[in-house]
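The lines below spell out each chain.
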Amino acid sequence: MNVKTEPLAINMGPLHPSTHGVFRMLAVLDGEVIVDLEPVFGYLHRGIEKLAEEKTYKQVIPLTDRLDYVSSMSNNLVYVLAVEKLAGIEVPERAQHIRVIMAELQRIASHLMAIGTWANDLGTFFTPFMYMFREREKIIDLFEMVSGQRLLYNYLRFGGLSHDLPDEFLPAVRKLLKVMPGYLNEYEELLKENEIVLARSMGIGVLPEELAINASASGPVLRGSGVKWDIRKVDPYSLYQHFDFDIPTGITGDSYDRYRVRLEEIRQSLHIIDQATQDLPAGEVKSKVPLNLRPPRGEAYSHIEAPRGELGCYVVSDGSTNPYRFHIRAPSLINLTCLKDMVMGLKIADAIVTFGSIDICMAEVDR
Amino acid sequence: MTNPTEAEVITAIREVFGEGAAKLDDRSGILVPVDMWLRVATYLCKDRGFNYLGDLTAIDYKDHFEILYRIISLEKNQSLLIRVESTDREHPEAPSVITIWRGADFMEREVYDLMGIDFLGRSPLRRIFLWEGFEGYPLRKDFSL
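Protein chains in written order, with this note's numbering: chain A, 1 to 367; chain B, 1 to 145.
Each hint should be verified, as a subset may be incorrect.
[As the list claims (entries may be wrong)] In silico BS3-like cross-links for lysine-lysine, where the CA-CA straight-line distance does not exceed 25 Å:
(1) A/LYS286 - A/LYS58
(2) A/LYS58 - A/LYS85
(3) B/LYS76 - B/LYS46
(4) A/LYS85 - A/LYS347
(5) A/LYS228 - A/LYS58
(6) B/LYS62 - B/LYS23
(7) B/LYS76 - A/LYS55
(8) A/LYS175 - A/LYS138
(9) B/LYS46 - A/LYS55
(10) A/LYS192 - A/LYS178
(11) A/LYS85 - A/LYS138
(12) A/LYS55 - A/LYS228
(13) B/LYS46 - B/LYS141
(14) A/LYS58 - B/LYS76
(15) A/LYS233 - B/LYS76
(16) B/LYS23 - A/LYS50
(17) A/LYS228 - B/LYS62
(18) A/LYS85 - A/LYS55
(19) A/LYS4 - A/LYS233
(20) A/LYS50 - A/LYS4
(21) A/LYS228 - B/LYS76
(22) B/LYS62 - A/LYS50
(23) A/LYS85 - A/LYS340
(24) A/LYS55 - A/LYS233
Calculated directly from the structure, the hints in this document are not laboratory data. These figures come from a predicted structure and were not determined experimentally.
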């Protein structure tokens, strides 16, 4: 008897894949093998770029928090850098150092979340996730100390920061720097040679170097494919040129390599924070900037190495109090371009692992 | 990241494609006529090493649309800003660069969805964030909130 088979189109989501946000994967399956896949999104679109045109420059800072809510500090940073470039605002050295500390703490918090949820997708149900959240909690506490907020910090301002660091901040950071390497070793023990992790992620979701470059991938996705490209090195901002750190890269560009790059980046971030806290200069944390800023006509583009990749911000001014155009280059969106190429021919469960290893934030994809 | 002297790139483009193919913009970057852009883009990617599309976006200047391409050479660590103008208010168009830089895929769909610029020479554009049937293009200046 001949058994007839035909491809089956299934909708995963909106929400499931494995709940990194409101996302839909339209997959065409032949048995369990993916023969076609289309990512569908937009469920979280709030029109932030349009909203920003109706607000004053300062009012846009809290909007940027809501782009990628897992790394609000990075979003604040890229926007204030763009406006500072546009209006020619100087930033005191102390504020620049604190910005670096915040950006790197944010990277650690975001990468912990990425690795934790990715391990969940692999089937190591919630154990690594809980370990990661134990440390992420400590970083969130630090952010709460400086900004009063646990998720949407709204901490940076044009020309500096909203407040100086509280007295208890630096001792708490030093304590974190002391315990964190031990915790990282613990993760390594749990995950590095874990049977489940290796079997489920090695050789899965491979993104070849050439395709990664051609498809504008950035961040750990690009570096996982072996490209040594980090905005902090190639186009330094906020005094990153004064700090010593390495750029970890992967070899094959599979899900495992992306995980390894993220874990190594946490180590490098700790190293940067260590340097930045040790020679933290004294002085002001904010230069004088008019309350209702009117940058001269013109445009500015700034880009930073956010936890998810190259985050860019493009601001056009027509000389009035609100931006004429505000655009965000969202690494989460652009890193998804190759999702289909990465999962073709794999099993449906591997698509979830690959998707998790790209590490996206739906709020940033949709804006 | 350094900028190659824009004048040098302009001279090179003019040598290959003729006088009208590139012009220095008074703000920054290089202005390329929309009908020559696809050929110039291929040249910049293949022969000048700008193999990475950093960003693609568009602005509504009321009398014309401006499409910006920020292209990067990873090898030489250089970045270049290209401006392409589309003057047709009703049906603004530009060639798609997806065959040169795959990364343009979602960026072009985003510009189409929010600004209403049609990119020719690729699979038909569909809205990416808004739903099919949504009327208007929110990032245009005549779309009020």
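Each hint, compared with the structure:
For the given pair, A/LYS286 sits about 14 Å from A/LYS58 by alpha-carbon distance, which is consistent with the 25 Å threshold. For a cut-off of 25 Å, the pair hint linking A/LYS58 to A/LYS85 stands: about 15 Å separates their Cα positions. As the CA atoms of B/LYS76 and B/LYS46 are separated by approximately 14 Å, the hinted pair is consistent with the 25 Å bound. Restraint check for A/LYS85 and A/LYS347: the C-alpha separation of about 47 Å exceeds 25 Å, so the hint is violated.
Our distance criterion of 25 Å between C-alpha atoms is broken by A/LYS228 and A/LYS58, whose separation comes to about 35 Å. A threshold of 25 Å between alpha carbons decides the hint, and for B/LYS62 with B/LYS23 the separation of about 22 Å falls inside it, so the pair holds. As the CA atoms of B/LYS76 and A/LYS55 are separated by approximately 39 Å, the hinted pair breaks the 25 Å bound. Restraint check for A/LYS175 and A/LYS138: the C-alpha separation of about 10 Å stays at or below 25 Å, so the hint holds.
Distance restraint check for B/LYS46 and A/LYS55: the Cα-Cα separation of roughly 42 Å exceeds the 25 Å cut-off, and the hinted pair is therefore not satisfied. Restraint check: the Cα-Cα separation between A/LYS192 and A/LYS178 comes to about 22 Å, which is no more than 25 Å; the hinted pair holds. A C-alpha spacing of about 33 Å is found between A/LYS85 and A/LYS138, which places the hinted pair above 25 Å, so the restraint is violated. With a CA separation close to 38 Å, the supplied pair A/LYS55 and A/LYS228 exceeds the 25 Å bound.
The hinted pair formed by B/LYS46 and B/LYS141 fails the criterion: a straight-line CA distance of about 36 Å is larger than 25 Å. Our distance criterion of 25 Å between C-alpha atoms is broken by A/LYS58 and B/LYS76, whose separation comes to about 36 Å. Our distance criterion of 25 Å between C-alpha atoms is met by A/LYS233 and B/LYS76, whose separation comes to about 13 Å. For the suggested pair B/LYS23 and A/LYS50, the alpha carbons sit about 30 Å apart, so the restraint of at most 25 Å is broken.
Distance check on the hinted pair: A/LYS228 and B/LYS62 sit about 41 Å apart at the alpha-carbon level, beyond 25 Å; violated. For the hint linking A/LYS85 to A/LYS55, the alpha-carbon distance of about 19 Å falls within 25 Å, and the restraint holds. A C-alpha spacing of about 56 Å is found between A/LYS4 and A/LYS233, which places the hinted pair above 25 Å, so the restraint is violated. About 51 Å separates the Cα atoms of A/LYS50 and A/LYS4, which puts this hinted pair outside 25 Å; it is violated.
In summary, the hint linking A/LYS228 to B/LYS76 is supported, as the alpha carbons are separated by about 13 Å, within the 25 Å threshold. A threshold of 25 Å between alpha carbons decides the hint, and for B/LYS62 with A/LYS50 the separation of about 15 Å falls inside it, so the pair holds. Restraint check: the Cα-Cα separation between A/LYS85 and A/LYS340 comes to about 38 Å, which exceeds 25 Å; the hinted pair is violated. At roughly 33 Å between alpha-carbon atoms, A/LYS55 and A/LYS233 are farther apart than 25 Å, so this suggested pair is violated.
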